[in-house]
Amino acid sequence: MHLTQDLELFPEYTVTQLLFKDVKNATELRKMAVNGEIKGALINPSMVVDAFQILVAANKAVHLHKSGKMKTRSLYSEIIFNLSPTNNISEAFKRFGISDSDSAVLIVLVHNKDETLNIDNIISKVDGQQIAVDRVSDLNDVAKIKKLYKVAPQEEKCGSLLDAVVCRMATKDVA
Amino acid sequence: MAHSDSVKASVPSYLKEAQMIKQGAEARVYRGTFLGRSVIIKERFPKLYRHPEVDEKLTRRRTTQEVRSILRCRRAGISAPVVYFVDYTTHCIFLEDIIHSVSVRDHIASAQASEQNPQHLQTLADKIGEILAQMHDEDVIHGDLTTSNMLLVSGAEDQNMKLVLIDFGLSYISALPEDKGVDLYVLEKAFLSTHPRTETLFERLLKSYSASSKKSSAVIKKLDEVRLRGRKRSMVG
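Protein chains in written order, with the UniProt record's numbering: chain A, 1 to 175; chain B, 1 to 237.
These are computed hints drawn from the structure, not numbers from a lab.
On a predicted model such as this, the values are computed, not experimentally measured, just so you know.
Every residue gets a Cβ at the ideal spot worked out from N, C-alpha and C, and that includes glycine.
Any given hint could be a false lead.
Label-pair restraints from in silico Cβ distances [said to hold, decoys possible]:
1. B/LYS207 to A/GLU156: 49 to 55 Å
2. A/LYS147 to B/THR33: 46 to 52 Å
3. B/VAL54 to A/SER101: 34 to 40 Å
4. A/GLY68 to B/SER148: 55 to 61 Å
5. A/ILE89 to B/HIS120: 50 to 56 Å
6. A/ILE89 to B/PRO118: 53 to 59 Å
7. A/GLY68 to B/LEU48: 43 to 49 Å
For lysine-lysine, the following DSS-like pairs were computed, each having C-alpha atoms within a straight-line distance of at most 25 Å [unchecked claim]:
8. A/LYS157 to B/LYS57
9. B/LYS162 to A/LYS157
10. A/LYS71 to B/LYS221
11. A/LYS69 to B/LYS57
12. B/LYS57 to A/LYS172
13. A/LYS66 to B/LYS57
Covered by chain A, according to a simulated footprint, are these stretches of chain B (three or more residues, beta-carbon under 8 Å) [what the hints assert, rightly or not]:
14. 10-17
15. 34-48
16. 53-61
17. 75-86
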């Protein structure tokens, strides 16, 4: 159910995503992310079009982390920041991170390929139901995504919403 | 500096494994896999014949202009490859791989060779004129318009044919009819020299451009002026 993808540019790294709905303990989960009990990025699935969007953010985060050029303080906060179409860090956390009242969460983990990741440990910490990551479209808000990323109907003539979102994420440093 | 070595190692060692498909004076183009998808990687390698500082500045500018122009085109609904990732340290752009496509250059060449379906090429000329009009209306100057820099996606034929513009390395933003006229002039020169006996086809392209663009008359006027310049041309006012 969880989704794993190797980063071809950084062969030692792998990205694992887990998606949960009907989450009742968002407040605790946030605390665990902050104190390091959960070593991952907690993302609001309403802003996620597809797992690929997360991978693009994670790839860029790892790249900047390795070159010492991150804009935020940690790899996980950088992933959240990279999802945002703007360069305002606190706005990114607000829109893409989870809040205490959220009932769905997407957890992103970046780890060594060889590290045996204790996924069950993380799953046990979430009071909610795990669903397949490719079902994120059940939980997202397309209208909200289009509004935040400022995607006009004419752009959809040349590609999907995912294309529009990913392109902005990749080019926001110079746009 | 082991830290920076490991960074420099990532993209270049990745490129070593990737398949190089073209080497130009400016960049090398590879095909590879990125996050599970097929991608094209455009690497602007360092030019040793240039002064290093100048090279770095120029290469960085070319990379950012390319990426900016692609986004600007896409926002307006003009097909260009999606940018997935830009590495500003090695000046590599990771782009969507437009699979199942053929360059307009190859397409026209084979259509002429098999001598079938002249109507089909007429529609192609119409579509090219249309897409360039849209691009110029967005004030994007491509800078290197040739039929090799346009891809025709196979599948949808005739009215539904899809054109994708590529290689925005020399592109910039400008509202001036002069710049748009020059853009078309570059295409005209490339078109007529690459594809013999296509004068009427190019005429049709320009007609379609005029019909599709809101600001075309000034641009065509400039195109006529530009044609009168250049080699072996009388500059008698």
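Hint check: A/LYS71 vs B/LYS221, CA-CA at most 25 Å. Holds or violated?
Violated, at about 48 Å.
Tell me whether the statement that chain A covers the stretch 10-17 of chain B is true, taking a Cβ distance below 8 Å and needing three residues at minimum.
holds (count 3)
Hinted pair, alpha-carbon criterion (25 Å max): A/LYS69, B/LYS57. Please report holds or violated.
Within the cut-off at roughly 19 Å; holds.
When you take the CB atoms of A/LYS147 and B/THR33, is the distance between them in 46 to 52 Å?
Check failed, 33 Å falls outside 46 to 52 Å.
For A/LYS66 and B/LYS57, compute the direct alpha-carbon distance and say whether it is at most 25 Å.
holds, 23 Å
Report holds or violated for chain A covering the stretch 53-61 of chain B, Cβ cut-off 8 Å, minimum 3 residues.
With 0 residues in contact (Cβ-Cβ under 8 Å with chain A), the coverage given for the stretch 53-61 of chain B is violated.
Holds or violated: the stretch 34-48 of chain B covered by chain A, criterion of 3 or more residues with Cβ-Cβ distance under 8 Å?
holds (count 4)
Would you mind confirming whether the straight-line C-alpha gap from A/LYS157 to B/LYS57 stays at or under 25 Å?
violated, 35 Å
Do three or more residues of the stretch 75-86 of chain B come closer than 8 Å to chain A, measuring C-beta to C-beta?
Three-residue rule met by the stretch 75-86 of chain B, so holds; n is 11.
Quick check on a hinted range of 34 to 40 Å for B/VAL54 and A/SER101, using CB atoms only.
violated, 54 Å
Distance restraint hint 49 to 55 Å, applied to the beta-carbon atoms of B/LYS207 and A/GLU156:
The hinted range 49 to 55 Å is violated for B/LYS207 and A/GLU156, with Cβ atoms some 29 Å apart.
Would the hint linking B/LYS57 and A/LYS172 be met if the CA-CA limit is 25 Å?
Distance ~19 Å between B/LYS57 and A/LYS172 Cα, so the pair holds.
Hint check: violations occur at hints 1, 2, 3, 4, 7, 8, 10, 16; the rest are consistent with the structure.
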